[in-house]
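Using the sequences provided together with the hints, build the complete structure.
Here are the chains, one letter per residue:
Number of protein chains: 2
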Amino acid sequence: MELQWIKIFLPEIKELIETKDFKGLRDFLRERHPADILDILRELEPTERVMGFRLLDKNKISEVFSLLEPVEQEDLLKQFSEQHAKEILIEMQPDDRTQLFDELPAHVVEKLLKLLPPLERKEANELLNYPDNSAGRIMTPEYVGLRMDMTVAKALEHIRKTGLNRETIYVCYIVDETQKLRGVASLKNIILADPEQFIKDIMNENVFFVHTTDDQEKAVRVVQKYDILAVPVVDNEDRLVGIVTVDDVLDVVQEEVTEDFQRMAGIQTIEEEYFRVGFSKRILNRVTWLVILVVAATISQTILKRYAGVLGSMLALTYFIPMLTGSGGNTGSQSSTLVIRALATGEIKLKDWWRILLRESKVGVSLGFIMGLIAFTIAYISLGQCALAMTVGVSLWTVVSVGNVIGLAIPLFFRFVKLDPAFVSAPLIATLLDATGLVIYFEIARRVLTLTVPT
Amino acid sequence: MELQWIKIFLPEIKELIETKDFKGLRDFLRERHPADILDILRELEPTERVMGFRLLDKNKISEVFSLLEPVEQEDLLKQFSEQHAKEILIEMQPDDRTQLFDELPAHVVEKLLKLLPPLERKEANELLNYPDNSAGRIMTPEYVGLRMDMTVAKALEHIRKTGLNRETIYVCYIVDETQKLRGVASLKNIILADPEQFIKDIMNENVFFVHTTDDQEKAVRVVQKYDILAVPVVDNEDRLVGIVTVDDVLDVVQEEVTEDFQRMAGIQTIEEEYFRVGFSKRILNRVTWLVILVVAATISQTILKRYAGVLGSMLALTYFIPMLTGSGGNTGSQSSTLVIRALATGEIKLKDWWRILLRESKVGVSLGFIMGLIAFTIAYISLGQCALAMTVGVSLWTVVSVGNVIGLAIPLFFRFVKLDPAFVSAPLIATLLDATGLVIYFEIARRVLTLTVPT
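Note that the protein sequences, when read in sequence, are chains A and L.
Number 181 in the working numbering belongs to position 181 of the first sequence; there are no gaps in the numbering.
Number 411 in the working numbering belongs to position 411 of the second sequence; there are no gaps in the numbering.
Treat the hints as calculated values from the structure; they're not laboratory data.
Computed from a predicted model, the values in this text were never measured in an experiment.
Glycine included, each C-beta is placed from N, C-alpha and C at the ideal position.
Among the clues, some could well be false.
Each pair of labels, with its calculated beta carbon distance range [as the list claims (entries may be wrong)]: (1) A:70 <-> L:19: 52 to 60 Å; (2) L:106 <-> A:204: 37 to 45 Å; (3) A:235 <-> L:72: 34 to 42 Å.
Put into structure tokens, the structure is as follows:
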């Protein structure tokens, strides 16, 4: 089966709905993967959507429901009967449930928690009690636990009996009678071992774990580094309480990338989904940097004021200010992006700084030369003054060369003082280079145009 | 075991090396995870590194070697004897091998291919023959294949016999006698089934696959969408030839994010690792946008020239040009980043465009008001002219409001005409807003300062 075959089936589904062939629709949906059902439901009108949901098998409802965005989940819950909502909630995986509750308003969560049976309610409350963004908050208690004195055959039997509802059965954790984590065995190890062997002889004692209160990013680092399908989470007394699986890790990675993008645009991190962020919060997240940069632009203003003499004696110099400051900023944001991303993926290390500076300086000088030549040509054609065109060309060359180096030096410096290099936003670089570019421009102008500055 | 314990052990390792306790070092490394050995080796001096490598067990060498960056792999291969290189290459997973060959110069690949036994050489050649960035190029032929008429017990026996060298045993593929893909069964399905059942009765016939020549991103989409551990790859005649696993998917996702970051900074995509990109290529990747933007800045220049009269009669207007154009660009790059990222993660859809425009317009007008007030204050303090300060404040307010909307409208428009919104770079937005901002500024100036423009 190939991806995106949905479009082929959509007319068929629409017809089933129009002819009210609910049996046909039910049979059709039964065969489909939850992710595809989600696609289908999203293509339908709101009323058709609720109806489609009602036609799904019980276990499939909660699978499809878990795939929805929290906003969509909230909308749907409002339209379901209490009984229906209860059924879905009970069937959901504990970690998906925490994620849903995390996004809902407190009074809705309270109402929904009351729908859960005592055991699930206790579990949900425990998970919600871990700090925001902690490993405990994203883990699921649904792991396979084994004992050291089990034989492989006995362990397999245990997995067969309890495995159906576990988040994964491919990694099994070995705990002692006090629930302390003692080792790990992959299902591969177990399957390939002799049925008579003891689990303690095939398990790996060097098991990597995180604590419930550790940041979720630590769990991500462990899964990524050791290429494992899940990482166990232990409490303060080293007792195993849950696992974080690789699919949750993909979600966290996604979040982190969004964080980097936003920082680089000078936005404070917004964790909520786009449409859930309130008005005042959206202002607050963005205003800090914007105001800092307006104030920082006072430097450019002061510089321009200082060179008012030069400007006054040749107004045409003004025409090229946007071209000049813009080019510096553009080059700087290119080089800073290259360095920030390469630092994030680990392609370059701080200790390579000298090599990076050397490499990029050459690139910057060459780029500056090409751009300077073009700027010279443009200036000469438009104003016909060779000295002025020369000033513009040489200034652009210098500004681009300098801007390029500044753009890569600042993120390296941030890493050096242990700040996230992604805080070096394009706007910050651009504002810094506005000021630098203007000084370069007017100093070159003074010399090339042999103008005198009034003191 | 916790992450980053390496630092604790490093002094111990250094001592083992200094006292030339090779046996102790060998024992120490045997216990470690390949990812940790990699960390250790990277902390060592180059000569110590080669020595450390020689102390590893045969099977661990190729595991650690596969984790290295291609540049490091190339460096090491030069220092190994032919026999040593051969041993490592043979032990490597086929997909890791393709990745290494992909990065090496053709003549080195040819030499290394000759070291491989005929079977592995044929396989490596076949994989290298698939197009760049295709699913065939990143797949591994090391999957578990089952037959429909096998019983579950028989299938488990087959998995036990052949599973050791397979990339994954957690997903098994069912093929017929012509090697055509007929279904999929997870090890979970198999383990939880009755041993007497037939594979054809427990397999899922709705198996999602990609073709060898499909783009690797398609394989990624399938794995992400259906939350599966691997996707099968078939040839033109629907015969199963390999699989792409979830760890390869994480790598591709990483690459794609880098692509987005670079596009948003106006850099053409660089696929190679940072230090492998040659000088001329680094120039070419960056110069296109930079030159386009220099030429585009001619618009700003033309505008300034047109308003020379206004400027000449009040030179102080010049002082605030960088503040004004900068603020417009900064706001625009914030809003474009928010929209581009939300489109990439699917949080917002094109059909929501009206809702987004409405929401963000309010935010932009409010941000502009705050910033305009600050700009007014700064201008009034520094020059003491109320009318001028008013011009600056009102212009900034307008420019920010407009810039904010333009910043989010352009990526939405790109998506509408089916271009990647990530092509909307911060530099592009900034350059567009320079011109827009200047027109707004001078038109407001003309009115507020009641100056006349010479025609």
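Cross-check of the supplied hints:
{"no.": "1", "hint": "A:70 <-> L:19: 52 to 60 Å", "verdict": "58 Å, holds"}
{"no.": "2", "hint": "L:106 <-> A:204: 37 to 45 Å", "verdict": "41 Å, holds"}
{"no.": "3", "hint": "A:235 <-> L:72: 34 to 42 Å", "verdict": "39 Å, holds"}
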